[in-house]
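1 is the number of the first residue of the sequence shown in my numbering; add one for each residue after it.
Note that these hints are calculated values from the structure, not bench results. Take the hints with a grain of salt, since some may be wrong.
[To be verified] Across the chosen pairs, the derived CB separations fall in these ranges:
id, residue 1, residue 2, range
1, 37, 170, 39 to 45 Å
2, 37, 322, 47 to 53 Å
3, 308, 48, 17 to 23 Å
4, 152, 264, 16 to 22 Å
5, 32, 144, 16 to 22 Å
6, 220, 301, 26 to 32 Å
7, 264, 32, 35 to 41 Å
A virtual CB, placed ideally from N, CA and C, is assigned to each residue, including glycine.
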Amino acid sequence: MTRASKPIFQSRPVQLTLGLLIGGVFLYLSIRNVSWDTFTAELASIKPAWIILALTLYWVELGARVIRWRVLLSHLQTPVSDRQISIAFISGCAANNILPAKLGEALRADLLGRLANVSRVAAFGSIIVERLFDMMAILGMTAWGIWFATTAHPDTLAEVKHGLTLIAAPVAALTVVVCFLATRQNNPINLRIKALTETAQNLVKGLNALRHPSSYVKLVISSGVIWSLNSITMWCILMALGVQLNASQTILLIGLTGIAAAIPAAPAGIGTLQYAFHLASVLFDFAPSVALVAATLVQLVLLGSATAVGALAYSFAVSHHLLADKSAQQ
């Protein structure tokens, strides 16, 4: 009997190629009007104090993200330590910055399963909830920015509004489905799932945090803290380059960069992140070279630091034999 071949879009080489192509297109659109001389001039004008502040706030944000994931995982039957959560989280961040198509999320779930002897599928279910809260925050911030941000380019803002409309519908539908599966345990879908594989059942277990009203409060508060820190971090990055946005403009920038980060493109958002900052430069009238430098700083300083620490954390787990056999848990 021959093994069934994977669908073409599940092939890692295909995912890598598509990710690089998507990132390459957006990168070209971002840099085509930027000269090397203006880029290097903007680099030379960076104010280091603002970068240090941005880096500090970024790591506080990552700490808040670990706490939020702890809330989601607290409803699993198997206890998970803070160290295990932290190692899995930061290693997953590093993988997301190295691998295309957001494959770091799968690695994070797999790593937690091997560290804490929990179901990897249940861990992935908790990540789905986490990302849904992030997408709702991102779409809300984008909508706020579209409504309240001042710009001299209404046509570009209208294009952003159109894109938001296209994204909002599937996110809203997915949110309804996830909440339904988590809160209505005896609905026909869940009853069918219980009759199916253990893998499907474990995925629903990962959504258990949504069954508890107190979890919603914790998740909303922690998500608010996370995205407030993210907003101030990005504001500091632009301040380092002499660009000062008001609150609504900064919120719209975060919405744009958040949408860019959700696109399964090249590693570390190369191309998509540059294009998000490029759109902001058009909307808020600062130089495209500043946008390119700002995006590059985010990738090198912020994401780069998380990648380095994540690689060290993974190496620590391996060298101290903390990882169980991959086949131990589904």
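Hints, one by one, checked against the model:
Roughly 43 Å separates the CB atoms of residue 37 and residue 170, a value that falls within the hinted 39 to 45 Å. Restraint check, residue 37 to residue 322: a C-beta distance of roughly 49 Å satisfies the suggested window 47 to 53 Å. The hinted range of 17 to 23 Å is satisfied by residue 308 and residue 48, whose Cβ atoms lie roughly 19 Å apart. Distance hint for residue 152 and residue 264: a CB-CB separation of about 33 Å, inconsistent with the stated range 16 to 22 Å.
Checked against the given bound of 16 to 22 Å, the beta carbons of residue 32 and residue 144, roughly 30 Å apart, lie outside it. Judged by the Cβ atoms, the range 26 to 32 Å given for residue 220 and residue 301 holds: they are separated by roughly 29 Å. Under the hint 35 to 41 Å, the C-beta atoms of residue 264 and residue 32, about 23 Å apart, miss the expected range.
Hints 4, 5 and 7 from the earlier list are contradicted by this structure; the remaining hints agree with it.
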